[in-house]
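Asker: From just these sequences and the hints, can you work out the full model?
The residues making up each chain are set out below.
There are 2 protein chains.
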Amino acid sequence: MIPIGNATDARSRLLAAAVESFAARGFHGTTTRDIASAAGMSPAALYVHYKSKEDLLYLISRNGHAQTLQLVREAVGSSNDPVEQLLAVVRAFTIHHARGHTSARIVNYELAALSPDHLKEIAAIRRGIEKEMRGVVEAGAAVGAFRTSSPQMTALALLSLGIDVARWYRDEGEWGPEKIADYYCELALRLVGAQREPPTMETATTLSSGTTAPQTRAVLPDQTRISST
Amino acid sequence: MIPIGNATDARSRLLAAAVESFAARGFHGTTTRDIASAAGMSPAALYVHYKSKEDLLYLISRNGHAQTLQLVREAVGSSNDPVEQLLAVVRAFTIHHARGHTSARIVNYELAALSPDHLKEIAAIRRGIEKEMRGVVEAGAAVGAFRTSSPQMTALALLSLGIDVARWYRDEGEWGPEKIADYYCELALRLVGAQREPPTMETATTLSSGTTAPQTRAVLPDQTRISST
DNA sequence: CTTATTTCTAAGCGTTTGCTTAGTCTTCCC
DNA sequence: GGGAAGACTAAGCAAACGCTTAGAAATAAG
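In order, the protein sequences belong to chains A and B.
Just so it is clear: in the first sequence, position 53 is 53 by UniProt numbering, and no numbers are missing.
Just so it is clear: in the second sequence, position 109 is 109 by UniProt numbering, and no numbers are missing.
Bear in mind the hints are in silico, worked out from the structure with no lab data behind them.
All clues given are correct.
In silico DSSO-like pairs for lysine-lysine, Cα to Cα no more than 30 Å straight-line:
1) 179(A) x 120(B)
2) 120(A) x 131(A)
3) 53(A) x 120(A)
4) 120(B) x 51(B)
5) 179(A) x 131(B)
6) 179(B) x 131(A)
7) 131(B) x 179(B)
8) 51(A) x 120(A)
9) 53(B) x 120(B)
10) 179(B) x 120(A)
11) 120(B) x 131(B)
12) 53(B) x 53(A)
13) 179(A) x 131(A)
Here chain A is said to cover these stretches of chain B; the calculated rule only asks that three of the stretch's residues, wherever they fall, bring their Cβ under 8 Å from a Cβ of chain A:
14) 24 to 35
15) 108 to 116
16) 151 to 158
17) 163 to 169
18) 178 to 188
Fair warning: this is a prediction, and the values are worked out from it, not measured in the lab.
Cβ coordinates follow ideal geometry from the N, Cα and C atoms, glycine included.
Answerer: Set out below in structure tokens:
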């Protein structure tokens with residue numbers, strides 16, 4: 001079989017091969033021989049670098065979850081305005097699940113194959129991610145920027161939309177990760193019931209000092225802003 | 001192992017056992033011995049009633065997809081008003097994926113385990129489901145009841161939300177299928193940019209008689225309509 | 001050079017896999 | 001009763017499974 005990825009060290013090649021295989025056929029549908037041969041090695045080579053097949057899954061899952069949590073935290077930390085936070089989180093989360101759909105599929109759909117101990121550890125990271133999203137929606141609701149009767153369920157729906165991108169996204173599709181993310185940002189504003197003006201505290205002066213380019217701030221115009229490019 | 005389900009005929013017990021097993025551990029994570037013993041039978045009994053393990057998956061998947069398509073079509077057929085159609089579809093779809101999360105997990109996450117021929121057949125049903133949802137959003141957009149720049153992507157997001165319920169739903173959770181469906185109906189109205197009032201009987205005829213009737217109304221109600229029960 | 005260490009393979013161990021075979025038991029029709 | 005048909009099991013087969021062993025090859029240090 002053709003070795004996967006550009007020739008780096010064997011350890012990385014095995015990991016990349018495992019990601020591809022687990023994503024394509026699932027953990028239980030993948031054999032250690034699949035992984036080894038996709039990395040251009042003999043079956044035994046896997047055990048020089050990794051303890052077991054489950055260990056590979058654990059490392060992939062932990063790394064993927066940690067990445068996601070970090071990306072969400074950075075997005076939330078990028079602003080004090082809930083609207084900006086929401087947009088940053090949804091954009092980053094969506095792009096991550098589209099561009100990284102291969103590993104995201106393992107992260108989100110192979111949890112049951114983890115050992116009980118490993119699952120417990122991963123579940124804690126997932127709760128961290130959910131907590132961040134809930135925090136953004138609650139903050140927006142608290143300052144009147146969002147109108148939602150259940151921030152908890154709305155946050156769940158927002159995560160749900162992003163996660164499911166990993167399921168349906170195809171590289172051959174017409175919509176690329178950025179375009180999907182743009183659209184999902186608009187959908188997110190609708191979901192949380194974003195109000196026209198960010199109502200509180202400082203106005204545009206402090207807000208425009210953010211890292212990202214200050215977009216026009218009419219949150220929900222009569223004509224939808226959703227890009228059609 | 002304890003036999004699954006109330007003692008009906010062996011064939012049904014095997015099918016129910018397969019649904020439980022596939023949903024819990026995935027197709028490849030389930031052995032034919034798991035299924036047989038969960039149905040309280042010997043491993044060979046499975047082959048009296050089914051051709052193969054994959055045949056069981058196929059039957060479960062086909063039945064589940066057919067059910068979903070039917071439910072979506074009935075919902076769309078229940079009204080001529082796109083708003084009502086949307087609410088009916090989202091409600092039925094959401095409840096289906098919550099209450100039937102076990103089989104819905106197989107339907108949505110075990111497609112890769114189907115044989116190529118079976119997958120082709122199932123994919124056709126899935127396209128039918130997508131077509132129905134897209135039709136509703138497009139119809140709503142056409143009569144000015146919805147505001148969305150991409151009915152296609154909005155329809156995808158609506159399906160996405162519903163499908164992902166099967167992933168996160170837990171029977172022990174606080175929110176039951178109906179309550180989630182109520183909430184998701186409100187979210188759906190926001191997603192499609194539903195205009196303020198679903199047309200009443202009188203206005204409906206008036207509005208639908210005109211070709212466009214571009215209602216310049218507020219995109220979202222100032223007070224959220226999401227029920228807080 | 002020798003020696004130690006690391007990376008990898010060929011071979012294969014013991015178990016589990018999907019599925020088959022051969023035969024038993026029950027049911028139903030005559 | 002006899003006999004056919006269907007439902008089921010005990011036993012097991014060939015292949016595939018996760019993983020180990022023994023040793024070769026390569027590298028580096030003294």
